[in-house]
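I would like the entire structure built from these sequences, with the hints used as guidance.
Taking our numbering, the leading residue of the sequence shown gets 1, the next gets one more, and so forth.
Among these hints, one or two may not hold up.
The calculated label-pair distances, taken between Cβ atoms and stated as ranges, are [what the hints assert, rightly or not]:
#: 1; residue 1: Leu-58; residue 2: Lys-8; range: 36 to 42 Å
#: 2; residue 1: Leu-60; residue 2: Leu-24; range: 25 to 31 Å
#: 3; residue 1: Val-46; residue 2: Leu-24; range: 22 to 28 Å
#: 4; residue 1: Ala-47; residue 2: Lys-3; range: 51 to 57 Å
Hints were generated in silico from the structure; no laboratory data involved.
Heads up, the beta-carbon is just placed ideally off N, CA and C, and yes, glycines get one too.
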Amino acid sequence: MDKKLNKKALRAGVITAATALTLLMSTPAFALAHDDGDDPGSGLNVAQTLGLFVALPLVLFGVIAGLVILTDKSRKQQQG
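Below, the structure is given as structure tokens:
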């Protein structure tokens with residue numbers, strides 16, 4: 001039974017790796033071709049990139065976590 005499970009796991013791993021590799025190789029090709037009507041803007045600098053992709057998600061996570069903690073009713077029930 002372990003041989004069947006190992007075979008299935010190996011097959012799933014190979015399929016996943018092949019799919020990921022195919023997607024990774026084809027992604028840059030899509031970026032080079034511009035469609036009609038494309039009007040790419042100016043790029044982001046380092047500060048803008050870090051703010052958009054690092055700071056903003058951390059702030060949103062903090063706000064959501066804070067709201068969950070503040071509105072948690074199970075803590076109020078345990079204390080009372």
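query: Does the Cβ pair Leu-58, Lys-8 satisfy 36 to 42 Å?
result: 39 Å, holds
query: Is the hinted range of 25 to 31 Å satisfied by the C-beta distance from Leu-60 to Leu-24?
result: 28 Å, holds
- prompt: Taking 22 to 28 Å as the hint, is the beta-carbon distance of Val-46 and Leu-24 inside that range?
  reply: About 24 Å separates the Cβ atoms of Val-46 and Leu-24, which means 22 to 28 Å holds.
task: For Ala-47 and Lys-3, compare the CB-CB distance with the range 51 to 57 Å and indicate the outcome.
output: Holds, at about 55 Å.
Consistency with the previously given hints is maintained throughout, with no hint failing.
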